[in-house]
Amino acid sequence: MSVVTLTINGQDVSARDDATVLQAAREAGIHIPVLCYLEGLSAVGACRLCLVEVAGVNRLLPACTTRVQEGMEVHTDTPRLQTYRRHIIELLFAERNHVCAVCVANGNCELQSLAIEVGMDHVRYDYVFPSLGMDLTHERFGLDHNRCILCTRCVRACDEIEGAHTLDVLGRGAKARIVTDLNMPWGESPTCTSCGKCAMACPTGAIFKQGSTVAEMVHHPEKLAFLKTARERREWRV
Amino acid sequence: MNGEELLHVMAQEQERARRFRHHLHVCTGTACQALNSESIAQALEVAAKAQGKQGEVSVKCVGCPGLCSLGPLVEVHSFVNGDHERSLYQFVRPEDASEIISHLDGEPVERLVTPLDQPFFTRQLKIVLENCGEIDPERIEDYIARGGYQALMKVLTEMTPSEVIDEITRSGLRGRGGAGFPTGLKWATVAKADPRRYPTYVPPGIQSQKFVICNGDEGDPGAFMDRSVMEGDPHRVLEGMIIAGYAVGANQGYIYVRAEYPLAVKRLRTAIRQAQRAGLLGNNIAGTAFSFNIDIRLGAGAFVCGEETALIASIEGGRGLPRPRPPYPAEYGLWGCPTLINNVETLANIAPIINKGASWFASIGTAKSKGTKVFALTGQVKNTGLIEVPMGITLREIVFDIGGGIPNGHKFKAVQTGGPSGGCIPEQYLDTPVDYESLTALGSIMGSGGLIVMDDSTDMVEVARFFMDFCMEESCGKCIPCRAGTAQIHHILTKFQTGRATERDLKLLEELCDVVKHASLCGLGQSAPNPVLSTLRYFRHEYEAKLRRDGAGYGYANGAAKERVTHS
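Here the protein sequences line up with chains B and F, keeping their order. Following the working numbering, the numbering of the first sequence begins with 18 at its first residue and continues without gaps. Following the working numbering, the numbering of the second sequence begins with 6 at its first residue and continues without gaps.
Rather than coming from a laboratory, the hints here were simulated on the basis of the structure. In this text, a Cβ means the ideal position worked out from N, Cα and C, and glycines have one as well. Each hint should be verified, as a subset may be incorrect.
Stated by the list, open to error - Footprint (simulated), chain B over chain F, 3 or more residues, beta carbon under 8 Å: (1) 435–448; (2) 481–495; (3) 522–532.
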């Protein structure tokens, strides 16, 4: 194990050589917006919000999957990146029905926070307003496809932390959606352990506890990282 | 089979061929087969027998000779008094069989013959396709008779792996799948990669630490280069793969073919079985210590699986989703092992390079793009079909000389290269030499080799919308810019086509194309805006002509909500 030094936004940062740019930035207190990344789960580089500019590389790299290198010069907040992030958030809002005023996750929503962070005062795209269903067959949890951003955090939590792999993605493109088992109602799933890790991982109000109403659904994504370090390293740090 | 036995088979086959005075080659590529060419072959055999000529006429089913628009094609090679005479028959029907046979010793049938000295044939240079239309793809002996597997013998008995890689590097061959990455460099990277650097999860029963994958997931609309190679000369692909396996140190190869190519799959399977039986594939190839196996994996119809990381995920049995690179498959590929992925056409170039030498190959083409490129010429052009031309030829030569120009009195407008990832090139750039760099400079790409010619009746906004519709349907949905961005680009283009677009939409369209191009995860998203960007660059007036000038048209008052993107 060796240590490398790099600069992020002009600030000198040291990091272990197996760390990602995102981990190095977080340790140094530099904020990089993410949606699909969650500590404790594998990184997939899908949301493209954590894209950063690296000097000498002519394309943008996702901070969550890019390893640090000695002498790397990273910029995380250039005007170009800010523009892209706002477009990505706008695309998400236009894609499905994200209506904060009636959402269980209002006030506890990562998508909402990011919209505020990137300064999204309006959406320039035409809203798609798809009519997607909900799955309320499970006795404890509900799945609202209208609020899903397909970050697949729930899929990875179910597979990697719980080991059940109940949730997965069906279809492709804009028609993709989260399904339980082989596309059966969640309540009939023989593999679901009702552990609730999907609800902890969900960044929006797509997966929620039954019975919660507007702004009542509080997620605990940090608990997944706690479980992971506890299980793998026997460290019970909170 | 060792080198001596190979030469023996070759001599035997050539001896057998000399017994016949007339060789009739019937195209049984997918296009001609759809026009019933197999029954033409049968009818020709029956007619030859009826006229008592079965001893001097050999009828052979071959791969695609190229001129698909005139199919079904029958090519006649006659050896009379030491002269080799060729004639090509177009639009042949089974009823014409006896007439063709009876004219074999005299003049060819006037009403069916098509000249062989037309530019379509004379301007081509065939390396990859040299056996297509000449050999029976279902007989390994035919391939051996034309010098097949000689390159493999040479490599296994005379060359070290690093010498092979050196030869490929010096040839200047670049990946024919579209991006044009130097093949030698890729091979060298895989050869040097340490299989223990990343944790691997190879399933039990597979004895290999590195892998070679042949990418035959050709999905561009209007492209059929790889299909024709796999159908017309499958052994060439296998030979290239085995040499690649020897060079990089792999013992297992996979050919990933679309399930939509049943004929290619069938012929590849036959070829693998024959090569195994001949001892040219499997354990201890040609009696040496080197072992290499090839299996076929079928694609389930997703365009994105042509992207290398998605292709690997698909072979592993997962959903065909791309993942961020680096690490590149050369280091971390199939089941975590170093993996070489080459396109069908790239691998088909290997055997001739080994046989004829790197300097021969490097003498063809331009300074940075060597060799030839196979193009599928389609659209509003007289001669459609499969062509192989040296790099550096101009687009004008391809469209007007080889393609024969635009039919029905229309004027040329643009040529689209590279499929849904490419761009439209207008008339003023027709004299650009075709190579990787100059096409990129024009806002298009070489791509895998689709060439779609458009005449002046084409609506360029509709062209962009067609390709965007394709990309939207084929986006895997993993990353947001591609999944939601292509759908929004398609929606904005639809607004142009329904007269609802405003200046704002044009500006937003340009911004969004930039986002999708630079923020998407894989090549599909990164190149999806190219058709829009290139038509905006060269045909902006067509977009502007469709703008709504009265300021209305934005929002829902104009029915935007009614015609929104639908999720079914």
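Status of the hints after comparison with the structure:
1. 435–448: Three-residue rule not met by the region 435–448 of chain F, so violated; n is 0.
2. 481–495: Coverage by chain B holds for the region 481–495 of chain F (12 residues, Cβ < 8 Å).
3. 522–532: holds (count 4)
In terms of the numbered hints stated before, the structure departs from hint 1 and from no other.
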